[in-house]
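In my numbering, the protein residues as written are 6 to 886.
Hints in this document: simulated from the structure, not taken from any laboratory. Nothing here was measured: the structure is a model prediction, and the numbers come from that model. C-beta atoms are modelled at their ideal positions from N, C-alpha and C, and glycine is treated no differently. Treat the hints with caution; some may be incorrect.
Cut-off 20 Å, straight-line C-alpha distance, at most; resulting in silico cross-link-like pairs (EDC-like, lysine to aspartate or glutamate) [said to hold, decoys possible]:
#1 K589 x E778
#2 K582 x D690
#3 K589 x E568
#4 K582 x D55
#5 K589 x E526
#6 K582 x E526
Distance ranges between label pairs, derived from CB positions [said to hold, decoys possible]:
#7 V716 x D760: 40 to 46 Å
#8 T268 x D588: 54 to 60 Å
#9 G850 x P249: 43 to 49 Å
#10 P264 x D393: 33 to 39 Å
#11 I331 x D393: 15 to 21 Å
#12 R78 x R155: 33 to 39 Å
#13 E154 x P307: 56 to 62 Å
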Amino acid sequence: MTVHATALHDGWTLTATGGPVPAELAGLRVPATVPGSVHTDLLDAGLIPDPYVGTNEAGLAWLHTAEWRYERRVTTPSPAADERLDLVLDGLDTVATIRLGDTIVGRTRNQHRSFRLDVREQMSRAAGASQRLTIDFASALRHAQEEAERIGARPAAYPHPLNMVRKMACSFGWDWGPDLQTAGIWRPVRLERWRVARLASVRPLVTVAPGLGAATVTVHVDLERSGLEPESSPVHVVARLTRPGAPEVPTERHVTIAPHATTGTLTLDVAEPDLWWPVGHGDQPLHDLEVVLSTTDRHAEPDRLDRWHRRIGLRSVELDTSDDEIGTAFVIGVNGSPVFVRGANWIPDDHLLTRITRDRLAHRISQAVGANLNLLRVWGGGIYESEDFYELCDEAGLMVWQDFPLACAAYPEEEPHRSELEAEAREHVARLSAHPSLVLWNGGNENLWGFVDWGWPEQLAGRTWGLHYYTDLFPAVVAELDPTRPYAAGSPCSPRAPLEPGHPRYVHPNDRDHGTHHEWEVWNRRDYTAYREGIPRFCSEFGFQGPPTWHTMARAMTDDRGEVATRETPVWRLHQKAEGGDDKLDRGLAPHLGVPTDFVDWHWAAQLNQARAIAHAITHYRSWWPRTAGAIVWQLNDCWPVTSWAAIDGDGIRKPLWWALRAGFADRLLTVQRRPDPRGGAPVDVLAAVNDTALPWTGTVEVRRETLAGVPLGHAVLALAVAPRSVALLDLPDVVRSPDDPGNEVLVAQWRPSDDDPGGPATPVTAVHCWVEDIDLRLDPEAHDVTAEVVGDGVLVTVTAARGLVKDLTLLVDRIDPAAEVDAALVTLPAGATARLHVRTADPGPLAAWVRRPVLRTANDLAAVRPRASRPPRLPPRGSR
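Based on the sequences and whatever the hints tell you, model everything.
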């Protein structure tokens with residue numbers, strides 16, 4: 006028989022067994038959903054308020070030290086003489102004791118692992134009778150505190166000892182996340198009956214030959230023997246690989262595994278393979294791979310022991326960390342082609358993990374692709390994501406950078422910590438080896454940097470801090486189980502960073518010229534114009550905060566009167582987790598848009614400034630390809646309603662930042678940048694043309710300097726010829742490069758395709774550049790005319806810049822309908838231009854609402870709510886933009 010699984014997801018109850026539990030919950034038996042958590046079960050039962058709403062998070066801190074019991078009855082026939090019976094727990098959060106009847110059958114201390122417990126003996130003793138299955142959860146916080154006392158505390162970025170227990174680090178709170186410290190059965194649980202052997206893991210490792218004319222899939226099979234079969238029992242494995250659209254001609258290989266042996270290897274050769282490519286670089290064909298384990302080589306159903314199936318992609322991945330005249334490169338290549346990474350950091354999409362469905366992940370990944378991303382970095386303070394996540398990334402062509410889950414802390418290397426980390430690393434490197442989207446394993450987040458710059462050596466006083474994991478354990482596991490994928494020791498990290506300071510080849514782990522870099526001086530201490538002062542080889546974190554959408558605030562961040570909380574209220578402060586966050590927001594606004602006093606205007610300005618800051622960085626980084634080989638913005642998503650760095654808020658609604666990502670990461674980009682003047686002297690403005698397509702980009706660029714009202718002042722036509730996957734810098738003639746009156750002038754560059762442009766139908770590419778900040782521009786708040794009309798699936802809003810430049814035209818559609826989708830935002834219109842914004846909505850509402858504040862917003866609006874500058878407009882210092 007094949008492995009027979011019985012899901013154990015029904016009939017559970019939850020009971021508090023210890024800790025500071027409110028009197029009304031003591032001894033109460035609550036229906037429990039599995040997979041689930043204590044928080045979701047209590048919330049479903051109406052016993053706690055929504056922790057995401059108001060100040061409820063603070064009122065639920067008692068859950069940090071409570072203890073809980075999940076319980077149900079289990080009845081199963083007594084196993085046959087040659088059968089194993091296993092209790093399989095795919096994920097327990099976190100410190101748990103498992104009992105069948107009165108017998109302890111297992112203990113766990115790791116949320117990131119699955120556990121398989123042989124319960125044949127216990128079930129045999131019951132002879133098919135009903136037994137009680139209980140899982141007791143102790144407080145992870147108390148466990149971590151006790152562990153810190155046992156082996157000595159280690160420094161971490163947050164007060165809780167998150168590094169003393171293998172639990173999702175951000176469960177203890179982060180500068181964008183709540184401190185809820187969940188507990189529960191968070192992944193499936195089942196009973197499995199099997200005989201002779203089962204497939205413990207299958208690792209299909211793909212290599213592609215130079216020239217891409219052939220591929221090889223080496224299928225590594227690891228077995229677990231039951232220990233009950235006759236000693237002379239060989240088993241047989243067949244692997245079948247089916248090309249997309251060609252099920253009639255599978256590639257098939259067979260191997261016999263000798264008695265007592267537990268490993269086998271099958272090699273499948275594929276001529277002229279259909280290769281998997283990242284989105285924007287090619288297609289994503291997925292091949293069906295089936296592995297069958299049988300008692301005979303017939304592989305018929307009666308003989309079958311186990312079956313494994315995945316869809317895999319044929320591709321190679323490389324990481325170039327070679328030294329050059331600048332420092333050390335960090336370039337991800339797929340199928341031999343270097344890829345500029347257009348990425349975003351990914352956190353768990355809901356702090357209450359079991360509410361994350363496949364449909365929700367599919368929507369979020371669609372949003373990522375819609376923002377022109379080609380990579381998500383699964384950040385080290387979260388989890389190893391579900392199969393759904395990686396499968397959806399495989400289908401979408403989104404590359405995945407996977408951190409091992411260690412973040413912003415010193416991690417002990419004493420037992421049992423070391424063994425737990427090795428076990429989880431082995432499990433997940435093997436589990437994820439089938440996914441073509443996974444292109445990099447990374448040792449952890451900011452731990453190498455933390456040791457050097459955050460005062461850890463003095464606090465550690467010689468105690469272990471995790472270096473062994475990053476330099477020995479993790480690379481060894483990856484090299485053994487999946488040598489087809491590259492490994493990096495950390496982010497940020499110079500390839501030389503693991504060397505101790507003082508070594509002659511040592512380089513600081515956050516050195517811009519070597520490997521990956523995190524840029525946090527901007528936001529924390531410096532204005533966003535400072536992004537352009539550095540040229541990192543690969544920026545794997547940079548970000549700027551902005552508030553969530555108005556609808557999300559209105560749902561979750563309200564005061565006692567039910568109105569949206571303002572910045573002076575406790576509700577607002579609870580949903581702003583960054584230290585000094587609001588002060589940094591105002592400090593960031595002041596030199597660019599000013600700081601509005603009205604909260605509605607401040608909300609729009611803060612969202613707009615977030616979008617502009619990140620656009621400023623992205624366009625700079627892209628203009629330096631191939632010296633800069635990637636930009637991974639912090640962060641794509643939120644896990645609850647909060648002011649944060651995310652482009653998509655906790656309710657899944659796109660913020661203006663999302664549109665900045667979409668524009669900044671477009672396949673073709675025109676952007677005004679500063680470069681050294683080849684004639685000597687101060688840096689000058691140039692036009693950078695970024696072509697991240699497989700075809701040349703040709704035509705002309707019409708460049709004009711004009712007043713904000715559209716009066717012509719200078720004109721030039723530049724020839725454009727940019728090779729595939731390249732950047733060209735176009736010199737700007739003096740007549741358009743330098744303004745006479747910077748507060749009243751704008752530069753507009755528009756691409757005009759040639760008749761034989763190989764790119765096919767032209768997509769407009771335009772750059773609009775002002776020489777001074779908005780606070781010094783004489784923007785007209787009434788520069789536009791607008792109309793709205795109902796169309797078949799929503800509303801069409803038409804805006805014309807009738808009287809002058811209109812900057813960053815945006816419809817905040819969630820103000821009317823949170824489910825509405827608009828097809829453009831942050832649209833800048835030179836004088837005389839028109840934009841048509843199509844809103845898909847089932848609730849058009851009054852048309853008048855679509856054409857005015859607070860739904861229709863522009864940067865021009867903010868000119869009406871700040872005092873006119875008393876000083877003449879100023880040009881920025883040379884080299885600062």
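Hint check, failures only: 2, 3, 7 and 11
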